[in-house]
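K.L.:
So the protein sequences, as listed, match chains A and B.
Per full-length UniProt numbering, the very first residue in the first sequence carries number 1; after that it's consecutive.
Per full-length UniProt numbering, the very first residue in the second sequence carries number 1; after that it's consecutive.
Since the hints were made in silico from the structure, they are not lab data.
If you're wondering where the values come from, they're calculated on a predicted model, not measured in any experiment.
Accuracy of the hints is not assured; some may be wrong.
[What the hints assert, rightly or not] Dumping the calculated DSS-like pairs for lysine-lysine here, alpha-carbon to alpha-carbon at most 30 Å: (1) B:349 x A:279; (2) A:192 x A:217; (3) A:126 x B:349.
Each chain is listed here by its residues.
Protein chains: 2
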Amino acid sequence: MKNVKVIIWGMGAMGSGMAKMLMKKTGVDVVGAIDIGQKVGKPIFDVLGEEFPNNENIKISTAEEVIKEKAADIVLICTDSFTAKAFDKIKKVVENKINVITSAEEMAFPKAQNPELAEKLDQLAKENGVSILGTGINPGLIMDVLVLVMTGACEDIHHITSRRVNSLSPFGKAVMEEQGIGISVAEFEQGKADGSLAGHVGFPESISMIAEALGVKLDAINQSMDAIVTDVDRKAPYGEAKAGSVAGVSMKASGIKDGKELIEMDHPQQIEPEQVGVKTGDYVIIDGNPQVNLVNSPEIEGGVGTIAMCVNMIPQTINARPGLVSMIDLPIPHAILGDFRDQIHEEAKIV
Amino acid sequence: MKNVKVIIWGMGAMGSGMAKMLMKKTGVDVVGAIDIGQKVGKPIFDVLGEEFPNNENIKISTAEEVIKEKAADIVLICTDSFTAKAFDKIKKVVENKINVITSAEEMAFPKAQNPELAEKLDQLAKENGVSILGTGINPGLIMDVLVLVMTGACEDIHHITSRRVNSLSPFGKAVMEEQGIGISVAEFEQGKADGSLAGHVGFPESISMIAEALGVKLDAINQSMDAIVTDVDRKAPYGEAKAGSVAGVSMKASGIKDGKELIEMDHPQQIEPEQVGVKTGDYVIIDGNPQVNLVNSPEIEGGVGTIAMCVNMIPQTINARPGLVSMIDLPIPHAILGDFRDQIHEEAKIV
């Protein structure tokens, strides 16, 4: 079998991280990299800031130059968070008969918020004989797949809590701005009202994924976003919050069944949580038979986790039956230490 | 769609637990129950010690009476731990064109120790258009699937530790005897030498499953079993260990790659661990990028966990492409709170 061929669309922190990860792996080649603006035309090793001897130093190109019929086995699209924004890119790839994995959070379960676009993508994928998966660390693993895997040991469930307490300190300037680090409470409320502060994207997707797998129809999904106001000065490498300003965002959500909360999501994210005695971690607490009381501490860092999930799900996505799929349709995620080709079904290989 | 039809083969603690769990669920019926000896002919509610109003009070029967062509969608076989012992039963079911889930530990990944029998079962399943899965709490979830799911967030891995520290106190007389609770160290050594003390069955299966998913070829799998000798008197409901006698079994195993340990398994199981300050739990510790440091404490109790895993994997097994499958081939495990029929693909339904 020829090496698995991968194109990366979006050479920001996520796409670049996936390129680096893939270049250290066996049986897989990065055959195309897409971006816009000043990166176009640059050798990929320049953009990655590192050389990878056994890999070709391809040039960053435009989508028009790279996305040709069956130009690769899969394209990793890391450009957007929202289904509506990622739609045209996914469509272009699928119409060129190439599988897609995207880190767009809403694409982890697009029928939660965009059922019509999800339906269109499913049809397009089937028509073209390829698969589309949205994944990442969250949604994609911590607040949905990990929860569901633990419910596998349960006879019955009364209530589920998924809690992800994470530090924003490892992230760069873009995340600091997106999450409102250092702004005043008034600015935060303004940003929340006008939609410029998104906070975590993914609760409706994670909750809907859990509900669908469990086989329950929820009455409602409620979501809230509040400022985490610090009472001490906090300083991270790329962001700073003076006492009285915003050091992070507390996101909560509920999945309601028969008027009662069945699924609780709690996701406070802030810079320098340790400074105020907050211990970071990923928690799954299930009130059921049996009880589940799981913690992974410290939390899996979002950046590396999303990079790894998108790369590690390549075989499952290539092997999947054509269509729009989600993490609950595919075999369990896992790392790949060996040859990527060993994980691909012969009949599913495109090029 | 008609209700999912299930036959249970083996009405011991596991099979009875599965029957009870299924009788509380929607869209699924227990249409047959098989045992030998004195239970044959008894109404199932008598054997379960409980009535389940919306279920038929079927009689426990022999395999010959119950296993007929397409008599059910799936048979849950809970009679054995070893592939060689379960083989004829699985064969009989498969030749009657019915899917199989078995709690036999070695069947979680039978090619680890019985590659020829695994090959035969795979062929039989394909010839008859059905699937065979071995699962349970361990192997099946805690020391393999949960480990693999967490590796999904990893770019690279240097070493994996899976640790399950559990209490044997909830188990009955049979387990107390199997694990040598209360015997002398000399008796333990004797039982270990003559093979009458098995300890935990499943390390080669869990380690092989992890290695196969990661795509690595191991040089060797090593395994050890030692007595946990208590220095205080311990007393559980069905077993007792005086100071100086055996209160449990310490099982360890290693998966070796290029002369170095890649996968470590550590599974001490004993009665009344709390009495000597041992905290029970399920641990996944991955030295990689990123690090994983997960604990579920207390551990998922083995009985209810195995019952739930076997029942919850029914849809994935019925829906699977024909053949011998394992937990790494199928969609992620999860609980089922809704109608079982909603989880079954139309074309996969047998009766």
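K.L.:
Report the numbers of all earlier hints that the structure fails to satisfy, in ascending order.
P.N.:
1
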